[in-house]
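The residues making up each chain are set out below.
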Amino acid sequence: MAAVRAGVDIGGTFTDVALETPGGLVTAKVLTDYAAPEAAVLDGLARAAEAAGLGLSDIAQVIHGTTLVTNALIERRGARTAFVTTEGFRDVIEMRSENRFEQYDLNLELPSPLVPREDRYTLPERLAPDGTVLLPLDRAEAEAVARRIIEAGYESVAVGFLHAYASDAHERLVAEVFAALAPDLPVSLSSVVSPQMRELPRFNTVCANAYVRPRVEAYLGRLAERLRAAGIIAPLVLMHSGGGLMSVETARAVPVRLLESGPAGGAVFAAGHAAAHGIARALSFDMGGTTAKICLIDEGRPKTAATFEVARSYRFKKGSGMLIQTPVVEMVEIGAGGGSLASVDAMRRIRVGPRSAGSEPGPACYGRGGTEPAVTDANLLLGRIDPAAFAGGAIPLLPERAEAALAPLAAALDLPVTHAAHGVTETVDETMANAARVHAVENGRDIEETVMIAFGGGAPLHACRLCEKLGIHAALVPPGAGVGSAIGFLRAPVSFEAARALFQRLEALDAALVNAALAELETEARTFVAEVAGGTPAEARLVAFMRYHGQGWEIPVPLPDVRLGPDDGPALRAAFETAYRGLFGRSIDGLAVEVTNWALTVATPAPPPPPVATDRTGHNEPPPAGHRPIWEAAVREMEQAAVLPRSALCPGRAIDGPAAIVEDETTTIVSAGFRAVGQPCGSLLLIRKEARP
Amino acid sequence: MTRSIDLQIMWDRLIAVVEEQAQTLIRTAFSTSVREAGDLSAGLFDAEARMIAQAVTGTPGHVNAMAESVGHFARIIGTATMRPGDVYITNDPWMGTGHLHDVTMVTPVFRRGRLIGYFASTAHVVDIGGRGFGPDGRDVFEEGLRLPVCRFADAGEVSRLLLDIVRTNVRTPDQTVGDMFSLAASNAAGERRLMAMLDEFATDDLAALSDFILERSAAATRAAIADVPPGAFANEMWVDGAEAPVRMAVTLTVAEDEILADFAGTSPASARGVNCPEVYTRAYAAYALKCAIAPEVPNNAGSLAPFRVRAPSGSILAAEPPAPVSVRHVMGHLVPDVVLGALHGALPGRVPAEGASALWNIQLSVRTPDGAPAAEILMFNSGGTGARPGSDGLSATAFPSGVSTMSVEATEHVGPITVWKKELRPGSGGAGRTRGGLGQVIEIAARDGHDLWINAMFDRVDHPARGREGGADGAPGAVMLADGTPLSPKGRQQVPRGARLRLLLPGGGGYGPPEERPAEAIARDRAAGYEE
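Chains as they are written, first to last, in UniProt numbering: chain H, 1 to 693; chain S, 1 to 532.
The shape of chain H in the complex, shown without the other chains (with noise of 0.2 Å):
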C-alpha cells in the first residue's frame, strides 16, 4: 500500500494530527499535554490511526512541528546556560538597540536578557570585520573560563564572538576547549547558529539556541523512542521555522530552527492551495482565540525573512522582543482573535485586544465566568454564529452572557448592544485590516492584487468584511482548516538555508571569493537536505541581501543562478535595481551598490497538490438552507440570510450571500455582496458578485 504520512502539530491549546492515507486524509485533535508532549502526540496519532482504520506501525513518516520552543522562551524555560563573549562586550544582549518601543510610557520595562550578567563571560580576543586577528584568543584563558563554567554547573553554553561570521577560528577554540574539558556539555557558537553580521541578533540567536537546546534534545529522545515502543519504525522529521523540513539531528543541534514552526506549517497549507488553484499572489489569513497571523504567498511560496522577533513583552509590540536571526516565513501576527476583549478608552473608542479571555474563561458566552465582552460575543450577537452549533454543539453559547457582557461597553458609548456589537467588529476587521495592508506595502504588494486564504477557527467569520475592507475580490477556504498547520506539514518540502556574511561592493566584486564561499554553503545545504531527503534531487537558490552604500538595511535580491561569473557586477547591480524598484517604486542612480550576506537555500520540489480547477461561478440548483437575519457590516443593519451546512455547498454548488456556512470547526459568513462556490477540491471560494465573469 501506499506510504501513510502523519503530520503533528504540537500548539499551545491542540495538539494536531493529520494522516495522509490512501482513503484520503484523517485528522485528529487533542489536547496538548505540558508536562509530557509526547503523549499527546502519540495519543493523537492513535486515534487518528483508529478512525482511519489503520495501525500505527503502518505510518511511514511523522513530520512534526511544535511550539514548545517558541513557548519555552515566552515563558523562561530553558536551561541554565552560560554565555561566553569577547572582552568589552558582555552587556550586548542586555542594552539591546537602546530604544524603547513605547514612547510615550514612563514605567515601561524592557524584556530581562536571556542570559542575565552574572552568566555571561569575557574573554580578550578580537577580530576584525573581514576575520584577521586583531587580538589573538589566548588557549589557556579560553580553559581557565571554561572550568569556571564547568564547576558552576550550567547546563549549556553559548558562544558569541565580534565578527565571528567572517571567521569561526576563536569560536572553535572555545569549542574544543570544551570538548576536552566537558564533552557532554552542549556547546553552541553563534558561526554556526547564525553567521550573519550585527551582533545583537547573532548573540540572541546563539543564546536561544543553548537555553532550549538541552530541554528540546531530551523531548525528541524521548519522542522518538515512544514512536519506536508504539510500533512506529518511520523516521521522524522536523517541521523549520523556514517552511520546510529538516533532520531530528539538525534539530537537536539548531533547535533555534524549530521557532514558529506550527505557524510555518499554516504558511505553506495556505501556500498549496494557492498553488494548486493557480493563484499567483495570495494572502494567508489564519484567526484563532488570541491572535491572527498574516503571510504574503507569492508564486506559491510564502514570503520568508531573515530575522524574526520572537516573545514580544509589550502589547505585540514591534521592538519588546527579542530579535532573532534565522530564515523564518515571515508573519505578521495581531493580538486579535475570537477572545480578544475589547473595552472603552479615554478618547471613548472601541479598542479590542492584545488581551485576551483565553480558552478559560473564554468569552463570556462561553458561560465560564468570563465576563467581559469579546469578538465571540459581539459575533454572537451580531447572528454569525449559531449559539447551538457552535463546536458541533459540544460548547453551547449563552447570547445572554454575550448581552450582558456588552451592556456597559454600549452604555458607555450610548448605543444599542447591537451597535456595539458591530463596532467590536469593526474595531478589529480594521485593526487586522490595516496590518495586511502595512506589510502589503513594506513589501512593495498591491493587496488588492491578492487571494486571501481564509483558516483557523475565526479567519471565515471575518474573511469577507476584510476583504470588503481591503478591496479583495476574492477569498479561498480550504477544507480542514482547523488543523491547517498539520496538513500544511506534509506539504512541506525539505530544504535547508546557509547564510553567511561576506561583504563585496560590486565594483571590485571577487566572483573567485564569493564562489568558494557559495560552494561551502552549497554543501553545507545540500548535506543537511540529504538526512531527510536522501537522493531526491533537490535544487539550489541564491538571494544576495544588497544595499546602495550608506544605507543601513540589505534588501533581499533573488540571484538566476547559485555561482557568479567574473563579470557578473552589473548583472547583480540590475537584479538589485528590479528588486529595489519593486519595493520602492524607483532606484537611484550613481550609487555604489553592495552585498552583506548570501543565504543558499536547497529544498526538494515540494510535492505539489495536482491542480484543481476553480469555479468561479457554479452552475448548480443553488443548495436548500434555512434563514436568519445576520448583521450586514457594509449597510449597518440585520439582513435575513440563507443559512446551511458547508456539506451541502458541495462542487459547483453556489449561494449568494447573505449567508452563514456552519461546520463543526467554524462559520463562514458570506457578506451581500459576495457569493460562495463549492470548489472541486473541497474549498469554498468567496468571490465578489460585481467580480463575476
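A hint or two may mislead.
Some chain S residues flagged as far from chain H (calculated, every beta-carbon gap over 12 Å) [as the list claims (entries may be wrong)]: (1) Pro230; (2) Lys421; (3) Met480; (4) Asp483.
If you want a taste of the chain H side facing chain S, the calculated C-beta under 8 Å gives, among others [what the hints assert, rightly or not]: (5) Arg117; (6) Asp345; (7) Ala346; (8) Ala410; (9) Leu413; (10) Glu442; (11) Asp446; (12) Phe584; (13) Leu591.
Chain S is nowhere near these chain H residues, computed Cβ spacing over 12 Å in every case [to be verified]: (14) Asp33; (15) Leu162; (16) Asp168; (17) Ala179; (18) Pro183; (19) Asp184; (20) Gly278; (21) Glu426; (22) Val441; (23) His473; (24) Glu520; (25) Pro537; (26) Gly569; (27) Arg573; (28) Pro629.
Hints in this document: simulated from the structure, not taken from any laboratory. In this text, a Cβ means the ideal position worked out from N, Cα and C, and glycines have one as well.
Position chain S relative to chain H; hints supplied.
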C-alpha cells in the same frame, strides 16, 4: 446611529494611513538618522492646518514641531493659489522642525476640486551644505542652505531651479534631492490611501472627522489635566551647555484644563549651534507633560492644545534668527528633565528622576596616515534614564529621544576603527530606593595607523542627572583617553595616533533614600555586577 462607530473606524484608519506614509519614507530615505533613528515625522492636517493624525516615530521633538509647520505653509503660500499636484518645501528652522537638516514637505489634498487638508512629512537629510552637522557654526548662515517656504512642485511640475540650487549647495546632491522626492512620495502614498477611505465611507470632507478627533482628544487631555492639582510649580536645572553652563528654568501653571510651561529665567542663546528655536522647545516640553499626564491620547492638535509653552525670546530655548541651531537636540533633549522636575511638585510619585537625556552622538573622522579622508562615522549612544518611583531606571536607553544604536560590527565596516569596548558602566546609576539606569563605557581606536578625530558635543559631564526624593545623582559623564588623559567634552579634537578614546556615559539619578532599597534588589545588583 453607527455614525460614531464609523468616525472611530476612520480615526483608526487615519493612524494606519500616516503610518504607511512614514514607512514609505523610512524605507527609501538615505539619511542614517531617518532609517536608524526614526528621525522623521509624517502627518495629516485638516483644511484649517490642524494636525489630526501623526505617525508614531522615533523623535518626539520632531513630531510635535511639525504640527505647527503646516500653518506657516498655508499662510505663506496662500490657500487660494494652491492646486492639485502642488508640493511645498522648507527647511527653515523657525518654520519647520528646528534645524536646516530637517526638510519639511507639504502636499495639499483636493477632493472634487476642493482643498480638504494636507499631508506633511519631515526628514533629516544627509547633508545640507554649510559646515555640516555640528555645533561649530556661529550663525545659521554658516550652517547651510536655507530654503524659505516655497513651491517644490507646481501643479505636478517639479521646480528645476530649486533642484539645481539644492544640488549646487550640498555635498551629497543625489541623496539630499533623493530624500526630497522620498518626502513627496510619502505624502502621495498617504493621499492615495486617504482617497480610498473617503470612497469607502462615501464622504468628501474631513471636517466632521477632524472635529470628532480633535474634540475627543482635547477632552481626554483636559480631563487628565483636571486630575493635576492646580497651582504654580517651578524648577530649575543647570546643564553643561556649549561655552558656559546653561540655566534652564521653568514654571508650570496648572489651570483646570490646561497647563502653561513658561521658561522665563532660562540662559540666553549660545554662540554655538546648540540653540533651540522655540518650536523645538515646545515640542519637547509638551512631550514630557503628555508622557506624565495623558500618555494614551494620540498626538494631534487637540491633544497638544492644552499644553501651552513659551520661552523668552533670545534665550537658548527660543533662539531667534540668525542664531546657529544645528545640534539643537543637545539642549532640546534636556527640556523634559526640567519640566518633569517641576511637575513633580504637582504630582509627587509620578515622574522619574533626571536622566542622561541628551544623546551622546559620537562623530568620528578617520584619516589615512598621509592625511586623506578615510571615513566619517556617526554612532548614537545613550546613558541611563532616571529611576522611576516604582522601578529602576533603564540602562543605556534613549529618553526622551527614541533612537536606536547601531551594530558595532556594521559600524566597523564603515571605516577603519575598532570599538574595543561598549558595555554597561557599573556604579553609574544613582543610588536610591529605586536605582538610576546605568550609563555605558565606550572605547574606540583607529586601525592600521589611521588618525582619529572626534567632534564632541556631550552634556552632563559637569552637571550630572540629579536624584529625586533623596535619591543620589547619577554618575557624570567623562571624556578621556584610555590611559586617563582627559579630553574636552566639547569640540573637535584629535585622538593621538595609537591611543584609545574612552567615553563614560552618564547614569540616571536615583529615586528615594538609598537605605530603603530592598535587600533583594541590592543582592541582584551585586550578583550582576551593576555596582562598582
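Now the hints, each set against the structure:
Look at Pro230(S): its CB is around 21 Å from the nearest CB on chain H, clear of 12 Å, so calling it non-interface holds up. Its closest Cβ contact with chain H, about 3 Å, brings Lys421(S) to no more than 12 Å, contrary to its assignment away from the interface. Listed as a non-interface residue, Met480(S) keeps its Cβ farther than 12 Å from every Cβ of chain H; the least gap is roughly 16 Å. With a minimum CB-CB distance of about 16 Å to chain H, Asp483(S) clears the 12 Å threshold, and the non-interface call stands.
Proximity of Arg117(H) to chain S holds as hinted, the smallest CB-CB distance being about 4 Å (cut-off 8 Å). At a threshold of 8 Å, the smallest CB-CB gap from Asp345(H) to chain S is about 6 Å, leaving the interface hint in force. Restraint check, Ala346(H) versus chain S: the minimum CB separation of about 4 Å is within 8 Å; hint holds. For Ala410(H), the shortest C-beta to C-beta distance to chain S is roughly 11 Å, which exceeds 8 Å, and the interface hint is violated.
About 7 Å separates the beta-carbon of Leu413(H) from the nearest beta-carbon of chain S, less than 8 Å, and the hint is met. The interface hint given for Glu442(H) is met, as the beta carbon of that residue sits about 6 Å from the closest beta carbon of chain S, less than 8 Å. Given hint, Asp446(H) at the interface with chain S, is violated; its Cβ is 11 Å from that chain's nearest Cβ, farther than 8 Å. The criterion of a C-beta within 8 Å of any C-beta in chain S is met by Phe584(H), whose closest approach is roughly 5 Å, and the hint holds.
With a least beta-carbon distance of about 6 Å to chain S, the hint placing Leu591(H) at the interface is held under the 8 Å criterion. Listed as outside the interface, Asp33(H) is consistent with that label: its C-beta sits roughly 35 Å from the nearest C-beta of chain S, beyond the 12 Å cut-off. Annotated as non-interface, Leu162(H) brings its C-beta within 12 Å of a C-beta of chain S; the closest such distance is 6 Å. No beta-carbon of chain S is positioned within 12 Å of the beta-carbon of Asp168(H); the least distance is around 15 Å.
With a closest Cβ-Cβ approach of about 27 Å to chain S, Ala179(H) is found to remain outside the 12 Å limit, as its non-interface label requires. Look at Pro183(H): its CB is around 30 Å from the nearest CB on chain S, clear of 12 Å, so calling it non-interface holds up. Even its closest Cβ contact with chain S, about 27 Å, leaves Asp184(H) beyond 12 Å, as expected for a residue assigned away from the interface. The Cβ of Gly278(H) lies farther than 12 Å from every Cβ of chain S, with a closest approach of about 28 Å, so its non-interface assignment holds.
Consistency note on Glu426(H): stated as away from chain S, yet its beta-carbon is not over 12 Å from all of that chain's, at 5 Å minimum. Here Val441(H) does not stay apart from chain S, with its beta-carbon only about 5 Å from theirs, under the 12 Å limit. Annotated as non-interface, His473(H) keeps its C-beta farther than 12 Å from every C-beta of chain S; the closest such distance is 15 Å. The Cβ of Glu520(H) lies farther than 12 Å from every Cβ of chain S, with a closest approach of about 21 Å, so its non-interface assignment holds.
For Pro537(H), the condition that its CB be more than 12 Å from all CB atoms of chain S holds, with the nearest at approximately 37 Å. Against the 12 Å criterion, Gly569(H) stays outside the reach of chain S, whose nearest CB is about 19 Å from its own CB. Non-interface status of Arg573(H) relative to chain S is upheld: no Cβ of that chain comes within 12 Å, the nearest being about 16 Å off. For Pro629(H), the shortest C-beta to C-beta distance to chain S comes to about 16 Å, beyond the 12 Å cut-off, and the non-interface label holds.
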